[in-house]
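K.L.:
Spelled out, the chains give:
Protein chains: 2
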Amino acid sequence: MKIAVLGGDGFVGWPTSLHLSDQGHEIHILDNLSRRWIDTELGVQSLTPMDSIQERTRVWHAETGRRIHFHLIDLAKDYELLKGWLAKHRPDAIIHFAEQRAAPYSMKSDRHKNYTVSNNVNATHNLLNAMVELDLDAHLVHLGTMGVYGYSTVGAAIPEGYLPVGIETVDGRTVSQEILYPSNPGSIYHMTKCLDQQLFQFYAKNDALRITDLHQGIVWGTHTEQTRRHAQLVNRFDYDGDYGTVLNRFLIQAAIGYPLTVHGTGGQTRAFIHIQDSVRCIEIALKNPPQRGGRVEIFNQMTETHRVRDLAEMISKMTGAEIAWLPNPRKEAAENDLIVRNEKFLGLGLDPTTLGEGLLDEIVEVAKKFAYRVDRSRVPAVSAWTKDIAAKVERDPEGKRLKSVS
Amino acid sequence: MKIAVLGGDGFVGWPTSLHLSDQGHEIHILDNLSRRWIDTELGVQSLTPMDSIQERTRVWHAETGRRIHFHLIDLAKDYELLKGWLAKHRPDAIIHFAEQRAAPYSMKSDRHKNYTVSNNVNATHNLLNAMVELDLDAHLVHLGTMGVYGYSTVGAAIPEGYLPVGIETVDGRTVSQEILYPSNPGSIYHMTKCLDQQLFQFYAKNDALRITDLHQGIVWGTHTEQTRRHAQLVNRFDYDGDYGTVLNRFLIQAAIGYPLTVHGTGGQTRAFIHIQDSVRCIEIALKNPPQRGGRVEIFNQMTETHRVRDLAEMISKMTGAEIAWLPNPRKEAAENDLIVRNEKFLGLGLDPTTLGEGLLDEIVEVAKKFAYRVDRSRVPAVSAWTKDIAAKVERDPEGKRLKSVS
Ligand SMILES: NC(=O)c1ccc[n+]([C@@H]2O[C@H](COP(=O)([O-])OP(=O)(O)OC[C@H]3O[C@@H](n4cnc5c(N)ncnc54)[C@H](O)[C@@H]3O)[C@@H](O)[C@H]2O)c1
Ligand SMILES: NC(=O)c1ccc[n+]([C@@H]2O[C@H](COP(=O)([O-])OP(=O)(O)OC[C@H]3O[C@@H](n4cnc5c(N)ncnc54)[C@H](O)[C@@H]3O)[C@@H](O)[C@H]2O)c1
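Each protein sequence line maps, in turn, to chains A and B. Quick note: the first sequence uses the working numbering, first residue 1, plus one each step. Quick note: the second sequence uses the working numbering, first residue 1001, plus one each step.
Incorrect hints may have been included.
[Claimed, not checked] In the BS3-like style, the derived pairs of lysine-lysine whose C-alpha atoms are separated by at most 27 Å in a straight line are:
#1 LYS1287(B) x LYS1344(B)
#2 LYS1387(B) x LYS83(A)
#3 LYS1387(B) x LYS387(A)
#4 LYS83(A) x LYS1344(B)
#5 LYS1002(B) x LYS1088(B)
[Stated by the list, open to error] Covered by chain A, according to a simulated footprint, are these stretches of chain B (three or more residues, beta-carbon under 8 Å):
#6 1039-1048
#7 1113-1123
#8 1191-1201
What the hints contain is simulated information worked out from the structure, not anything from laboratory work. No residue lacks a Cβ here, since even glycine has one placed at the ideal position from N, Cα and C.
Chain A extracted, bound-state conformation:
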C-alpha cells in the first residue's frame, strides 16, 4: 500500500512510519515540523537526542534499504499544497497524527488556545475537504483520544464510540437509537478532537468517506522493534510539563531523583497503551477499513486503566522515588472511575503489552542514559486551566511545593 503518514515526525507517527515501512508499504511522511518549533518556543528538547527527519530517513534507508519519503507541508495552512500532493500521489491510506496534541500547551494562554483550535480544526477539515474534491477513496485513520468521552461518572462502561440510548416519542413509546457518545472534553486540546469527530460524522454521511477514528489512551514507552535498530532511529521522549505524559514523566522523574509530581489526590483514572501496541493497533485498523457509505469506525485504543496515585506508588516502590502532592493545575474531578471497552482490537488479534511486562525498567534505563540532557526547571506542569487556578498554584511556588513530599 501507498500510505501517507501526516505528522510522521512525531512521537507516535515516527515509529508507525518505521513499522509500516518495515512491512513493505510505501511510506510518505507529511509534516510541517511544528512540534520541533514548539520545543524551541518552550526551550525544551526530547530526552532522547533526536535527529532531523531527513537524517532519520537516511539512516533507515542505510539500515534497511527502504525509503521513507518526507514532504514539508502544513496541513492547516497549505490547503492547495496538500490537495496538489494528494492529487499527485493518491495514497491508498492516510494516517492522520498531525495535530497539536498537548492539553497543557493548549491551555497556556489565549494565543495557544487559538493556535490549537485553528491548527487542529483546519488540518482535519482541509484533509477531508481535499479528499472529497479529488474523489479520493483512501482509508483515513485518525488518532483521537479517550478524552473525547470525558470521564464517565455514572458507572457505565465507555463503549467504542457509539452509545445506545432510549428516546421517548410524543406518543409515549421509547425508541432505541445509537448515537455518537456524548462528548465532555477537559481541555481545548481535547475539545478539538471532539470537533474532529463532528467533521468525520458529516463527511462519512455526506460524501461516504471511509474513516476510522482511534480513541487512544495515554501512550507510554519509547522504543519499538524498529526504533531499537539504530541509535539514530530513536524515538522522541517528552518529559516536560506540557508534552510529557503521566507515566513516562514519572519514570524520568524517578531516574533523575525528582519527586513524582502527583496533581491533587491523584485519584484520576486514565487509560494507557504502550507505544509498540499503539503502532500495532494502527496496523490492525489499516487492515480493517469500514465500508464506503458506512458509519465512522471507532476503536478504543487502550489496553489498561490506572489511577494516577497507584502509578506513582508503584514507581515509587520500584525506584525509591519520593512523591510530591501538588495542587492540580487542571479543572477536573478529583477522583473518577473509568471502565473502557476495547474488545474490538482484542478480537482482531491485539496481544497487549501491559505495565507488568518489565518494559518500565527499559524506560528507566533510557531515562538514566540521557539524564544529563534533562532541564529540571522544565519538569513541573505550569499551565493552569483558569486564571483562578493559576493564582492558587502560584501562591504555592515550586520550591515550597516540592517540600511537601510524602
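Assemble chain B with the ligands onto chain A, guided by the hints.
P.N.:
Below, chain B with the ligands without anything else, positioned relative to chain A:
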C-alpha cells in the same frame, strides 16, 4: 445596557440593532461587511436597496436622535483587534450573528467549505477566548440553528437543547442523564453551528461564561417596526439561490412570475419564525441570562413548522403562481416530520406572528415594488451537496426543469 452586536449589518443583526437601540440600549455593531463582499462575489444584491452601514446609522440618528456605533472588525481574523475592542468597551451583553450562514454557499466548492469552517469556528472561538482572557462576564447570546438537531425521524419532539437519555451501567441499572441533543447536521454551514455548540459547552464548564444559544428556525419577512420608519432603514432581503431562504423565496418568485421552485417532493418539514419575532426573542433572551457557572441556556427560536410543498401550495393559491418540481440539490431525506418544543419563549411572553397574520401580503408588496431589481438568473439554487448530485441536477438544466410545472 451596552450591547455589542456582532454581525449587526446582516439580515437579522440590523433590525435587532434598531430594536435594541430604540429601547435605549447603547449599541455597537462589529462587522467585517463580508456579507456585502459575498454579494459582490456572487453578482447578486438584496432585493431591497440597502445603504451602507454608515449611511443607515446616520439615518437612524437623524430619525431618532439615537446613535448606533459601527466598528469594522473581522472576528475570525483580527483576534487582537477584537480583544482590544472588548477590553476598551466591556459590553454588558454580546449578540453574536457574525457567521457565514448560507447552507448552499457553504457547499459550493472546496474553497467555500474551508471559508465557512474557518470563518465560523474562528469567529466564535476568538470571541470566547477573548472574553476569558479579559475576565469579561458579559452575557453572550448566539444565533444557532434548528439544523443542529438534524431532523428527528423517530417521532420524538425536539427538546430545547438537552435530551434526557437512559444509560446502562455495568451492573445493569439504567441511569438517566441529560445530554446535549445529538447533532446531525445537513451541511457544512450547519456543521459549524454544531462545532459552536461544543465550544460553548466547554467555555461554560471551564470558565463559567454565561452563554445563551438560540436554535433558530428559518426567518421570513423583512420589515420590523423600526425598519419601516424610513426607506433607508429598510432591511436586507435575499432572494438568490444561495442566501434566499424558502418562504421569502417563494414570495418573490410569485411576485415576479417565476414558478415556485420546490426541491424533490417538497416533503421536508422546516421550522419558521418571522423577523419581528426573531428580534423580540433576542430581547427576551437578553433579559433572562443564565447564571454564572450554570449550563448553556438553549432556546428553540421558532414559532411554527410547515412542509415545503404545503407552503408552495398555499402561496400558489394566494398568488396564482405555478409550482416547479425540481431535483433536490441537497442530500437529505425526501420527507421528514418535525415536532419542536418552544415553550420557553412562549412562557416568557412571546406572542407569535404566524403565517396566517396577513404579513405574507406585505412581503409580496415589497417584492413587487422592487421586482425591477431582480436578476432572474440568480433565482435557481445551483449549489449541489455532492458531485453526483451536481451531475444529476445538470443533466436536467434549468430550461427543461422549469417546464415541468404543475
Ligand atoms: N502521545 C499520546 O499519549 C497520545 C495519546 C492519545 C492520542 N494521541 C494523538 O496521536 C497523535 C500523535 O501524537 P504524538 O504524541 O505523536 O504527537 P506529536 O506532537 O509528537 O506529533 C504530531 C506531529 O504532527 C505534526 N503537525 C502538527 N500540526 C501539523 C500541521 N498543521 N501540519 C503538518 N504537521 C503537523 C507535528 O510537527 C508533529 O510531528 C496526535 O493527534 C495525538 O492527539 C497521542
Ligand atoms: N436568516 C435565517 O433564516 C437564519 C436562520 C437561523 C439562524 N440564523 C443565524 O442568525 C445569524 C444571522 O443571520 P443573518 O441571516 O442575519 O445572516 P447575514 O449573513 O445577513 O448576517 C451575518 C453578518 O455577519 C457578518 N460577518 C460574517 N462573518 C464575520 C466575521 N468573521 N467578522 C465580522 N462579521 C462577520 C456579515 O458581514 C453579516 O453582516 C447567523 O449566525 C445565522 O446562522 C439565521
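K.L.:
Now tell me if each hint is right for this structure.
P.N.:
Hints, verified against the model:
Only pairs whose Cα atoms come within 27 Å are accepted, and LYS1287(B) paired with LYS1344(B) is accepted, the gap being roughly 13 Å. About 17 Å separates the Cα atoms of LYS1387(B) and LYS83(A), which keeps this hinted pair within 27 Å; it holds. Under the criterion of a C-alpha separation no larger than 27 Å, the hint pairing LYS1387(B) with LYS387(A) is inconsistent with the structure, at around 48 Å. Between LYS83(A) and LYS1344(B) the alpha-carbon distance is near 47 Å, which puts this suggested pair outside the 27 Å criterion.
A distance of roughly 12 Å separates the Cα atoms of LYS1002(B) and LYS1088(B); the hinted pair therefore holds under the 27 Å criterion. Closer than 8 Å: that is the beta-carbon criterion, and the region 1039-1048 of chain B has 0 residues meeting it against chain A, so the requirement of 3 is violated. Figure legend: the region 1113-1123 of chain B, annotated as covered by chain A; annotation consistent (6 residues with Cβ-Cβ distances under 8 Å, at least 3 required). Residues of the region 1191-1201 of chain B with a Cβ under 8 Å from some Cβ of chain A number 6, which satisfies the need for three, so the listed coverage holds.
Comparing the model with each earlier hint shows violations of hints 3, 4 and 6; every other hint is respected.
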